Amino acid sequence: LAKTTQPISMDSYEGQEVNITCSHNNIATNDYITWYQQFPSQGPRFIIQGYKTKVTNEVASLFIPADRKSSTLSLPRVSLSDTAVYYCLVMDSNYQLIWGAGTKLIIKP
Amino acid sequence: GAGVSQSPRYKVAKRGQDVALRCDPISGHVSLFWYQQALGQGPEFLTYFQNEAQLDKSGLPSDRFFAERPEGSVSTLKIQRTQQEDSAVYLCASSSPGGGLGTEAFFGQGTRLTVV
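Read top to bottom, the protein sequences are chains A and B. The opening position of the first sequence corresponds to residue -10 in this note's numbering, with each subsequent residue numbered one higher. The opening position of the second sequence corresponds to residue 113 in this note's numbering, with each subsequent residue numbered one higher.
A portion of the hints provided could be inaccurate.
To be verified - Simulated crosslink set (DSBU-like; lysine-lysine; CA at most 30 angstroms straight-line):
| id | chain 1 | residue 1 | chain 2 | residue 2 |
| --- | --- | --- | --- | --- |
| 1 | B | 123 | B | 190 |
| 2 | A | 93 | B | 123 |
| 3 | A | -8 | B | 169 |
| 4 | A | 43 | A | 58 |
| 5 | B | 126 | B | 169 |
| 6 | B | 169 | B | 123 |
For the record, the hints were derived by calculation from the structure and aren't laboratory data. What you are looking at is a predicted structure, and each value in this text was computed from that prediction instead of being measured.
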């Protein structure tokens, strides 16, 4: 099972673009990269998922280089409500996911 | 239903008491997962069901923990003779039919268990 490494915490300001990078050096060929967001007292919420290159949805973009050993979650023009913990996971053809401690993102006014 | 529902939201148990935590997954979701989340940590896998079959229970921390999903929908996580170290948030997640590659898992709000 691929293990992920991401910064423990990050600060930014409202209106800025925030990029959170995750490393997953032993990712396997069939693995997907998935990001979740978690607010206090809530269950994690799916943000975005990708396999390679770039994926964009209404809330975020995910950049994955050719070697797939890392990925970057990009949150455009963050607001105070984006303050949360962000988890990077590698999801394979099995079901078991390994969750790290995540990145605690604090957005300041 | 509209989402994954867990009950109760909060549970306080005296040490040694048995507890049962319930999860109602999204209707039609084949896969169901239980996780334990300690304060400030990421979720840790406990067990996995595909329909009514418990395919993996390797994450259950002891034989005091037991999970079932008898009809392939609602699941119950039971903890016998609770200990203080069992205090955590217990999260349930379900995913769409197949539950394979590229599948999004939907989480409930969790049950916060406090053992006193």
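message = Run through the hints listed earlier and report the numbers of any the structure violates, in increasing order.
response = Failing hints: none at all.
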